[in-house]
Amino acid sequence: AQRVTQPEKLLSVFKGAPVELKCNYSYSGSPELFWYVQYSRQRLQLLLRHISRESIKGFTADLNKGETSFHLKKPFAQEEDSAMYYCALRMDSSYKLIFGSGTRLLVRP
Amino acid sequence: NAGVMQNPRHLVRRRGQEARLRCSPMKGHSHVYWYRQLPEEGLKFMVYLQKENIIDESGMPKERFSAEFPKEGPSILRIQQVVRGDSAAYFCASSPSVGEQGNTIYFGEGSWLTVV
Numbered sequence: 011a012q013r014v015t016q017p018e019k020l021l022s023v024f025k026g027a028p029v030e031l032k033c034n035y036s037y038s039g040s041p042e043l044f045w046y047v048q049y050s051r052q053r054l055q056l057l058l059r060h061i062s063r064e065s066i067k068g069f070t071a072d073l074n075k076g077e078t079s080f081h082l083k084k085p086f087a088q089e090e091d092s093a094m095y096y097c098a099l100r101m102d103s104s105y106k107l108i109f110g111s112g113t114r115l116l117v118r119p
Numbered sequence: 103n104a105g106v107m108q109n110p111r112h113l114v115r116r117r118g119q120e121a122r123l124r125c126s127p128m129k130g131h132s133h134v135y136w137y138r139q140l141p142e143e144g145l146k147f148m149v150y151l152q153k154e155n156i157i158d159e160s161g162m163p164k165e166r167f168s169a170e171f172p173k174e175g176p177s178i179l180r181i182q183q184v185v186r187g188d189s190a191a192y193f194c195a196s197s198p199s200v201g202e203q204g205n206t207i208y209f210g211e212g213s214w215l216t217v218v
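As you go down the protein sequences, you meet chains A and B in turn.
Per the numbering used here, the very first residue in the first sequence carries number 11; after that it's consecutive.
Per the numbering used here, the very first residue in the second sequence carries number 103; after that it's consecutive.
Pulled out of the complex, with its shape left as it was, chain B reads as follows (with noise of 0.2 Å):
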């Protein structure tokens, strides 16, 4: 089992432009969760999906931000007109079910995104 994989591990963008930021979950896992982590800083929850569905974006920002995870294919989060304080490392997570005490998430590498 490869892993939470996660693409590109580091990601240079002007502002202004656009970020596409892929997660594939570990084989057989169908839940999703982005992370942020702004320098200095925890882990703050963004998103978390299932096949097809938002689940809960609470975390993520109204504006720019979005994500997906299609029925195909890895995970999309989309940064669009990217600001200097969108710089921060982008960690995506992945579990086999919700909700039973002890089940583990397992996170990839991570992104790193610098705006410049």
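This is chain A alone, in the form it adopts within the complex (with noise of 0.2 Å):
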């Protein structure tokens, strides 16, 4: 069955520090990664998309098919960092994401 595991419910660091929140996806066809971002309490924003290969506010992740992962990475955490992130899949030309279960990220000055 399709899965997204985020293995860290908690990432606590320091503002400077590097950060990597790790995704890992079980799905045998052509996936499509997200990462989402959500600020206490607000909406989910889509922060980056694999295909897109862009780096959004300092945060990159790169897909990689025989780690069957896309971590989300950013060198150097900044307070305003501190939120959920959610890592999500959707299998090809489908409507559905599967997310996984979030990892929060706490920036500390």
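Honestly, the hints are just simulated from the structure, not real lab data.
Hints should not be assumed to be uniformly reliable.
Computed list of lysine to aspartate or glutamate pairs in EDC-like fashion (alpha-carbon distance at most 16 Å, straight line) [said to hold, decoys possible]:
no. : chain 1 : residue 1 : chain 2 : residue 2
1   : A       : 19        : B       : 143
2   : A       : 19        : B       : 142
3   : A       : 106       : B       : 142
4   : A       : 106       : B       : 158
5   : B       : 146       : B       : 159
6   : A       : 83        : A       : 18
These numbers come from a predicted model, not from an experiment.
With the hints as a guide, bring the two chains together.
What follows is the structure, given as structure tokens:
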């Protein structure tokens, strides 16, 4: 079955430290991977999608099909990055998003 | 563009009452999705609707839950005879079309239902 795994519930780092939020997926077809961010009870906002290969707010993510991973990285964390981060998978030509359980990132001053 | 609008943002219901959650998609979007987020869990797909049609309700509980997206007006997620386990955040999302790689789904701010 298709699944998205985010192994860390909470990741706490100090400001300026590098950040890596892990995401692994299981899907045998051609996946489309996304990262969404949710600031304190606000709407989920699309942060990144693998097909656009862009960097938003300093975050990047590379799809590694060999390791079935789509880890989110940022070299220097900022306090305003503190939020919930969700990795999501969409199967080819599908409308459903399959979400991981989320990782709360806490960036301390 | 105001984005996906959901109301109410917070709703408290007693066990056995009905909860109605409304969602207005982004302008120009005719595809609506509902997701549920239980405490400490990720979002789970519930239902996908187009105007006047339910396309996929495979994620919706068979009983007490229903959804509609009428020709005029917002999409409604209705939960009858609520129980404590229905307490969750309900997110609505919309998109202009489906099936295209790169098509973005936009989420609303969610409706938090608390059953007491």
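Verification of the hints:
1. 19(A) <-> 143(B): The hint holds at about 10 Å.
2. 19(A) <-> 142(B): holds (9 Å)
3. 106(A) <-> 142(B): violated (21 Å)
4. 106(A) <-> 158(B): Answer holds: residue 106(A) to residue 158(B) is near 10 Å, not above 16 Å.
5. 146(B) <-> 159(B): holds (12 Å)
6. 83(A) <-> 18(A): holds (14 Å)
Checked against the numbered hints given earlier, this structure breaks only hint 3.
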